[in-house]
Amino acid sequence: MTQARERPSGRRAAYAAGARAAVPFTVAVFAFGISFGVLAEGAGFSALASGSMSGVVFVGSAQFAAVSVLINGGGWAAAVVTGTLLNLRYLVMGFAILPALRGGRARRSVESQLVIEESWAIASDADGRFDRARLLSSGAVLWVGWVAGTLLGALGPLKAVDILTLGLDAVSPVLFFLLLAPHLAPRQDGEGAGEGDAPAPAAGIARRLGRAALTRPGAGAAAAAGALALTALGTPDLAIALAVGIAVVWTWRTAS
Amino acid sequence: MSEPWLVVAALAGTTFLLKGAGALLMGERELPLWFPRFVSCLTPALLAALVVTQLVDSADSDGIVLDARLAGFAAALVAWRLKLAVPLVVLVAALATAVTRALW
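As they're listed, the protein sequences go chains A and B.
Count along the first sequence starting at 1, add 198, and that's the number in this note's numbering.
Count along the second sequence starting at 1, add 205, and that's the number in this note's numbering.
Any given hint could be a false lead.
Some residues of chain A that are not near chain B, with every Cβ distance over 10 Å (derived) [stated by the list, open to error]: (1) Pro206; (2) Gly208; (3) Ala214; (4) Phe228; (5) Ala264; (6) Ala331; (7) Leu334; (8) Leu349; (9) Pro415; (10) Thr452.
Beta-carbon label-pair distances, calculated as ranges [said to hold, decoys possible]: (11) B:Ser263 - A:Gly271: 18 to 26 Å; (12) B:Leu308 - A:Ala453: 49 to 57 Å; (13) B:Glu235 - A:Ala430: 35 to 43 Å.
Hints are computed from structural coordinates only; laboratory data are not their basis.
Here the structure is a predicted model, which means the values were calculated and not measured.
Glycine is no exception: its CB is placed at the ideal position from the N, C-alpha and C atoms.
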């Protein structure tokens, strides 16, 4: 943690930065929320049920998958298993965000619920650390967009097809690319080294991080190629698992 | 309990446990030293996989689907290289995708 982040003004700025960064994502999430609300309504969900699901589960992909299983004639258990498998990536992401969170088990496990890909990426720094303020503020903004979109889809006359007409399906790959870009750039001097405030044990970590940084574009390229191959094979859901595997291999490679 | 509410309750439970597992299992203990290194590799790998799947995957059919999203993505890359603000880059992407799809 830098000292700037601990000052109230720095914290406020971080909260504002997280909320601002979440806005373009929220537009897309809101639109996907509408299509989820429409889909869930078709599967027999009341607006209260689909709205509660979005508010508590707060993972678009898992919710879409679970509801699709019901629509395709699967039982509730199959729907839950499918959604849960898609959520396995949050196990890893939850561990990753852990050092940034505060308080005891209960509070940190509740704060972890605001983790979705977008808030996780917005909160991540190029040095592999995470900013709690940016996680919470971006997560809250995205949550409001997701729940409001779901309710509008469940109650309103809108149809899911609007997303395609407006070109909103191109928004999320672009946004994920914009979040990826800083992780691929060569690091500038001083960046990520903590600017003089790193405690002594962190110096070794910083050095090793620097070495890992050299190979991080490689990890990204390998994951992208793998995702392309898995999508071609019709199993895009495995791309996340493969990315975790690639990260493990890259971690092990940079250890020696 | 009706089927939709069963799904909501059960999926809410498993999601809470998965997202909160780190906090629930680790408590106050420190994560091992190699962990930040793992995360710094995990972030670009995960994001790169998301870019690709969001760009060429489709819920409606198996395999790679090349459609108007690619035009939007290419236009966004140009806008990004020109250092436009993020909301503008997103706007360019959506516009280029919508126009390409309308003209197709």
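>> So, against the hints stated earlier in the document, which numbers end up violated here?
In response: Numbers 5, 9 and 10 - these are the hints that the structure violates, sorted from lowest upward.
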